[in-house]
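Heads up, the sequence shown is in the working numbering, so the first residue is 613 and it goes up one at a time.
Calculated directly from the structure, the hints in this document are not laboratory data. One should not assume that every hint holds.
[As the list claims (entries may be wrong)] Pairs of lysine to aspartate or glutamate, EDC-like flavour, derived with a Cα cap of 20 angstroms:
| # | residue 1 | residue 2 |
| --- | --- | --- |
| 1 | 845 | 824 |
| 2 | 856 | 679 |
| 3 | 856 | 682 |
| 4 | 758 | 771 |
| 5 | 845 | 705 |
| 6 | 856 | 698 |
| 7 | 845 | 832 |
| 8 | 758 | 698 |
| 9 | 758 | 776 |
| 10 | 856 | 824 |
| 11 | 758 | 639 |
| 12 | 845 | 679 |
| 13 | 845 | 682 |
No experiment lies behind these values; they were computed from the predicted model shown.
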Amino acid sequence: MASSVLRHTFETRDEARPAFLANHHFDSRRWDAISFRSDDIVISSWAKSGTTWLQQIVCQLVHDGREGLDISALSPWVDFRITPIDQVRAALEAQPHRRVMKSHLPADSLPLERQVRYLYIAREPADVVWSWYRHHHEFTDEAYEKLNSTPGRVGPPLERPDSDFRAYFRRWLAEDGHPFHPYWSNVGSWWERRRESNIRLVHFADLRRSLESELRRLADFLSLRPSPESWGKILRHCSLDHMKANAELVAPLGGAIFKGGAASFIRSGRRRQWEGLLDEEDLAHCLREAARRLPADCVAWLFDRDD
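All chains, please: the whole structure from these sequences, using the hints.
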């Protein structure tokens, strides 16, 4: 079924339409090219919040624990402006099974279709920034060339990261998600819609704490019924250890844009790897920013996790 949501142009602003958002990495207008099916699944997040893990989980549930799934090809990042949108659309239209698509957009920049299921994953902000910082450091010269020189870029080019993580973190806070895109409004836009029947929020810490129960909860939400004999395979394939051992099947573009290849994309997923680099004031500043920009219950959900 084609999207019934009208999109606006760069110049137009209409609250009833998805808000245009673009930068060196993505362009929300690319969703105009997608004709939705009634059982589509869209996974969104702010970068490095567990997006790929959630893609792996959902694709394993959809495909009943099948071996060797190429997640990067099977679940394309639609708003990623480097891959030609005609290529993305053709690949999706050729899929005969239930489709899983990736986005890094806030809810108000995506066409929200009633029949489509949306999953949004979040992670504690300091862990997000640390993971994004490591990710940013791994970009090759070719990656910078593609991101900054491909026609259609909006805004300034992506620059190389500061070597000082604390300085990087402080700028991320001061400039709200620099150098990617705004963080707090991304989380907040999905939190506002968390009670809608076709939207489900997932926390990275919950996947770490109780993977099987979270998988069963997601399967119920998506109306998926994997066969009983497939559950062991699904759980094994969704472990971070398995994903790291098969990183070329889950890393964007097979890991070609990273200095360390695909293996550098999947890490341990541990919390607080920035310890010793940030101090209590840095963390307090982060919490103050969250309290200023998000509802109190959202802040509690985002930060108060036992892992």
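Checked hints:
no. : hint      : in the structure
1   : 845 / 824 : holds (12 angstroms)
2   : 856 / 679 : holds (15 angstroms)
3   : 856 / 682 : holds (13 angstroms)
4   : 758 / 771 : holds (13 angstroms)
5   : 845 / 705 : violated (28 angstroms)
6   : 856 / 698 : violated (30 angstroms)
7   : 845 / 832 : holds (18 angstroms)
8   : 758 / 698 : holds (18 angstroms)
9   : 758 / 776 : violated (25 angstroms)
10  : 856 / 824 : holds (19 angstroms)
11  : 758 / 639 : holds (14 angstroms)
12  : 845 / 679 : holds (8 angstroms)
13  : 845 / 682 : holds (16 angstroms)
Hint check: violations occur at hints 5, 6 and 9; the rest are consistent with the structure.
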